[in-house]
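Peer 1: So the sequences go chain by chain: A and B. Heads up: the first sequence begins at 70 in the numbering used here, then just goes up one per residue. Heads up: the second sequence begins at -15 in the numbering used here, then just goes up one per residue.
Everything labelled a hint here was simulated from the structure, so no lab data went into it. Please note that a few of the clues may not be correct.
To be verified - Label-pair distances were calculated between CB atoms; the ranges are:
no.	chain 1	residue 1	chain 2	residue 2	range
1	B	194	A	147	57 to 63 Å
2	B	52	A	244	50 to 56 Å
3	B	-4	A	275	37 to 43 Å
4	A	261	B	277	41 to 47 Å
5	B	266	A	139	33 to 39 Å
Said to hold, decoys possible - Okay, the calculated bits of chain B under chain A, using three or more residues with CB under 8 Å as the criterion:
no.	stretch
6	-6 to 7
7	29 to 39
8	53 to 63
9	109 to 123
10	169 to 176
11	197 to 204
Said to hold, decoys possible - A few chain B residues that face chain A, going by a derived Cβ cut-off under 8 Å, partial list only:
no.	residue
12	49
13	66
14	133
15	163
16	236
17	245
18	247
Using N, Cα and C, we set each Cβ at its ideal position, and we do this for glycine too.
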Amino acid sequence: MDVSNILASHAAKFQSVTVEKETPLDVDTGFLTVTDPNPIDEETYNSNREEYLQSTARDGIQSLFASLFTLPTQASPDGPLAKLPPPTTQLPRSKPLPKPKPPTKWERFAAAKGIQHKVRDRREWDEEKQEWVSRWGRNGKNKQKEEQWITEVPANADADYDPVKAVRDERKARVAKNEKQKIANQARAAPSERDQRKKEIDTTLATTRISTASMGRFDKKLEGEKNLRGVKRKFDPTESNETKNSLAIMSKLASDSKKSKKESTHGDDVLNVRKAIRTASRGRGGVALGRESGGRGRGGKRGGKR
Amino acid sequence: MTFPLYQCSRTPKSARSKRAMDARQPKEIEDPRTAIFVKGTHTGEVLNGAMKELMALKRPNAISFSKKNTVRPFEDASSLEFWAQKNDASLFVVGQSTKKRPDGLVFARTFDGRVLDMCEVGVEEFVGMDKFKTPKSTPGHKPMMHFASELFDTHPRFIQLKSLLMDFFNAEVIDSICLPGLEHVISVSLAPTPTSLNGAQEDDPKNLPKVHFRTYTVRLLSSGTRIPRVELTPMGPSLDLTLRRHQTADPELWKAAMRRPKMKKTEVEKGLGKKRKNMEVDEMGDLRGRVHVMKQDLGKLQTRKMKGLKARAGEEVDEEIGMEEGASRRKKPRVESL
């Protein structure tokens, strides 16, 4: 049985989904972005710009879809969800990375002892009421003893013993203790004044060391003085343009522009031209002298209406 | 100098303001960037239209400043920085039309409340959405982006432009996307590269090719395979842009902005990040390694000593040849389980 005809007709019915380009397209599926590194075809661009732009965009998006539709999917009420890989293009962040929180004293202790962190539920099961009640806050279980209508009093209690007040004080003390620990943890996390001062002195010292005429290069080193930390040395690039640099120096030396200027203005040794001009023009310079003597007509033209 | 709000040592007075402050804290995986659209002292009809439609593409993460502002981002970026921290935004589009630079749009982005880099483009031609009588995309849907030209990989100006535009429209990192929700494409192509650009890289923006910013909606046709055939329809807006002034990022600031969070252990094992040589996690989740073992020299192996096996004077040459053969085959790796 020959099926080539059927196959051909089937192929004709659907247009191709493959994209062939000289350089393969660069698809970043994570950012839904495709970059076409092929150069723009000038002829087609000039003859029919909009169509050309659309067709290149279509090719690019086709290849993006090809990679999107091969991703593993998950069904959802709105249609299939494609699991995207992490993006390959690196874009700058808008805010710095979050700083890790300094560990509290308890956290440090727990880490040393290998105690696992356990999340405590906000609610607690009440056996008497047979329901879930909050651990603290409004109608909290921690206030149960304060609110019950009858309380057992120890036999050796004082005459003015108030069981409700005793329980309440105990609870308040726990809260106060927690607050105190919190403040202590915060104080521990903040850099100490001594450390800050030390840092300040170090930076001042480093600044003064490079504030000499040679920027600290030829200073006498004191005994026991340490090298400056964090100083980056700079080097010329390895593939330097040494010839260019030396040629620039050579040409500078050869031209000696100052010298030639001097010679040209001075004229011969007998008459100091510069001095003569200064005297003749009464210190206003050669240009003013020339304008006064010869260039009346020209000067008028120049000063005319513009 | 202004500081971002999250850096202030102020303690929030109510739970609501605390939530608002926490929402602005730096996060490991960042929220989508918000863009602020600012009008300069004078904006023409073209710029007004262009900014409005760019904002339509950027919605809902866009804030429009309706009043005019005396702002010159390239001379003094302090007001941008102030707005960035006040609105918790990190992208700016500033429209300003002057005699020297008609119809200019400045794209700027900030890092940590400071301007990172900027790029000014001139709008040569603008065709709005309403000029195309075609279906439009749903606002808020994520666009696909397409960049066409080799200059986006080679020329620093266009690398910056690509990075800026990607940051503008598509920078949010997401782990999955709804495939029927992919509706529109933003295509940025360049005019043919002028020959003067290939040789010495001139910094004159007049030599740089034009940028064609086009938007299309996507139609998917069945193709008989799993992958559909894609057809595009122009949607608008479409802009022709020329590059003008720019400001590159300060290297220190750029380095800080490009810092990535530390990888989790599971991600490293999956093969992300730094490649670990000769180690891989197999399908069962076991870490397997390959160890290279040198070829053993069996010639020197001490076997049972017998009188009959003793080497005689004539046989020494033979043995050496055998050893050399062993040495040439030495570098074959051997797979062993850890």
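Peer 1: Look at each hint and say if it fits the structure.
Peer 2: Hints versus structure:
1. B:194 / A:147: 57 to 63 Å: With Cβ atoms ~39 Å apart, the hint is violated.
2. B:52 / A:244: 50 to 56 Å: For residue 244 (chain A) against residue 52 (chain B), whose Cβ atoms are near 55 Å apart, the range 50 to 56 Å holds.
3. B:-4 / A:275: 37 to 43 Å: Holds - the Cβ-Cβ distance for residue -4 (chain B) and residue 275 (chain A), about 38 Å, lies within 37 to 43 Å.
4. A:261 / B:277: 41 to 47 Å: 54 Å, violated
5. B:266 / A:139: 33 to 39 Å: Since the Cβ atoms of residue 266 (chain B) and residue 139 (chain A) sit about 23 Å apart, the hinted range of 33 to 39 Å is violated.
6. -6 to 7: violated (count 0)
7. 29 to 39: Since three or more residues must qualify, the claim that chain A covers the stretch 29 to 39 of chain B is violated, with 0 doing so at under 8 Å.
8. 53 to 63: violated (count 0)
9. 109 to 123: With 0 residues closer than 8 Å to chain A, the stretch 109 to 123 of chain B misses the three-residue bar; violated.
10. 169 to 176: holds (count 6)
11. 197 to 204: Satisfied; 4 residues make the cut.
12. 49: 19 Å, violated
13. 66: With a closest approach of 16 Å, the residue 66 (chain B) hint is violated.
14. 133: This hint holds: residue 133 (chain B) lies near chain A, its Cβ roughly 6 Å from the closest one there, short of 8 Å.
15. 163: Result: holds, 5 Å to nearest chain A Cβ.
16. 236: 12 Å, violated
17. 245: For residue 245 (chain B), the interface hint holds, since the closest Cβ of chain A sits about 6 Å away, which is under 8 Å.
18. 247: With a minimum Cβ separation of about 10 Å from chain A (threshold 8 Å), the hint on residue 247 (chain B) is violated.
In summary, the numbered hints that this structure violates are 1, 4, 5, 6, 7, 8, 9, 12, 13, 16, 18.
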